[in-house]
Every structure is written in C-alpha cells, then in structure tokens.
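Peer 1: Please construct the entire structure, taking both the sequences and the accompanying hints into account.
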Amino acid sequence: GAVVSQHPSWVICKSGTSVKIECRSLDFQATTMFWYRQFPKQSLMLMATSNEGSKATYEQGVEKDKFLINHASLTLSTLTVTSAHPEDSSFYICSAGEGRGAYEQYFGPGTRLTVT
Amino acid sequence: GENVEQHPSTLSVQEGDSAVIKCTYSDSASNYFPWYKQELGKRPQLIIDIRSNVGEKKDQRIAVTLNKTAKHFSLHITETQPEDSAVYFCAAFSSGSARQLTFGSGTQLTVLP
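Residue numbers (the working numbering), protein chains in the order written: chain A, 36 to 151; chain B, 119 to 231.
You can take every hint at face value.
The list that follows gives simulated cross-link-like pairs (lysine-lysine, DSBU-like), each with its CA atoms no further than 35 Å apart:
no., chain 1, residue 1, chain 2, residue 2
1, B, K155, B, K186
2, A, K101, B, K160
3, B, K155, A, K90
4, A, K49, B, K155
5, B, K189, B, K140
6, A, K76, B, K160
7, B, K160, A, K90
8, B, K176, B, K155
9, A, K90, A, K49
10, B, K189, B, K155
11, B, K176, B, K140
12, A, K76, A, K99
13, B, K160, A, K49
14, B, K160, A, K55
15, A, K76, A, K49
16, A, K101, A, K76
17, B, K140, B, K160
18, B, K155, A, K101
19, A, K76, B, K175
20, B, K186, A, K76
21, B, K160, B, K176
22, B, K186, B, K140
23, B, K140, A, K76
24, B, K155, A, K99
25, B, K175, B, K160
26, A, K99, B, K189
Treat the hints as calculated values from the structure; they're not laboratory data.
The model shown is predicted, which means the values in this text are computed figures rather than measured ones.
Peer 2: Now the structure itself:
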C-alpha cells in the first residue's frame with residue numbers, strides 16, 4: 036500500500052514553454068502533498084506544500100506564479116512549470132502523507148525535467 | 119524554521135565494517151526523524167525512522183539513535199555490503215506550524231568490496 040506515482044518520469048522541453056507534472060496517490064487519500072526539487076548531488080529542497088481544496092503554501096524563494104500547484108482532489112496534485120528556463124532543469128519529486136496528522140511521507144518516483 | 123545538518127558528506131568503508139552518519143536539528147518541535155536511502159535517479163526510500171518518544175530503534179543491520187536533549191540523531195549500519203552504497207539523507211518532521219520534512223544535505227556512502 037501507500038503508493039505514489041508521478042507522470043511523466045522524464046520530459047524535455049524548450050525554453051519558454053510550460054510543463055505539467057502529475058502526482059497521484061494510488062491507494063490512499065492524500066490531504067497534503069509536497070513538491071521537492073533536487074539538483075544533482077544536492078538534497079531535496081521543499082518547494083511547496085499542496086493542500087487539497089486550498090492554495091498551496093510556497094517556501095521562501097519559490098515563485099508561485101512560475102510554479103503553479105493545483106490539488107483538486109485527494110489523489111491528485113499537479114505542478115506546472117511555466118515559461119521554463121534551463122535553470123529549471125532538475126529532478127522534481129512529490130510526496131504524500133495519509134491524513135493531516137501523518138508523519139510518514141511516501142515519495143513519487145520523480146520527474147527529470149530538462150529545459151533546452 | 120527547522121535546520122538539519124548532516125555529517126559526513128562522504129563516507130567510504132570496507133565491506134563488513136560499520137558506517138555511522140550523524141545529524142543535528144534545531145527545532146525542538148520536531149518529533150519524527152526518518153532516514154532515507156536514495157540511489158541515483160530514484161526516489162528516496164525510507165529505511166528506518168524514529169519518533170521523539172523513543173531513544174533507539176533497530177531493524178536488522180540498521181539502527182537509529184536519538185538524543186532529544188542534544189537534538190541529534192544517528193544512523194548506524196553494521197556489516198556493510200556493497201549494495202548499501204548510496205546517498206543517505208536524514209530528515210526531521212516538525213509538528214509545529216510548518217508540519218513538513220526538512221532534509222539533511224546527504225551522505226554518499228561507498229562500501230568497498
């Protein structure tokens with residue numbers, strides 16, 4: 036149980052275009068989902084916390100107009116990278132927890148974004 | 119907010135030896151401390167975790183200790199094997215207003231055969 040999927044697993048896009056990444060909890064309802072970005076040989080950095088039915092909470096330094104997050108249902112959150120630039124190339128990983136009081140996070144397999 | 123520091127950044131051990139990775143945290147409201155193993159290009163995998171009401175937890179070759187007073191926790195891997203080679207991350211979950219995981223900077227563990 037507690038499986039989180041992400042789609043696509045990798046994507047290449049041109050500068051200036053937008054890319055949407057989906058994160059789904061397959062066998063549980065996720066009130067909260069988290070979006071992380073991981074650059075090569077670095078740690079996971081939290082970008083935003085996505086709450087079902089409400090606006091996402093962004094970490095300091097993350098542009099909310101550039102990284103659009105939508106959490107329309109208890110099993111799906113999407114991250115849209117708008118007007119992508121080469122410096123947005125990174126590994127994007129989502130995670131989800133079961134219920135508001137849950138500690139354990141279940142991670143998606145990640146999406147490798149390359150912006151050319 | 120929470121700040122998690124992790125040491126060392128790289129660690130090489132001979133197969134069969136033990137490996138220890140240490141982390142410190144700053145937020146006294148943190149009460150859950152997971153450890154993840156991440157292989158290149160893959161998702162982090164939870165290998166062990168500990169809650170703040172426990173001082174030590176063991177699962178076969180892996181153990182974690184927590185010193186709440188000193189705000190530090192450690193991962194111990196005994197009888198290391200080449201397949202243990204990966205990047206290991208500690209993390210702290212704050213039960214305060216933020217309610218999120220903060221990760222350490224990672225340790226590249228290499229087990230030499």
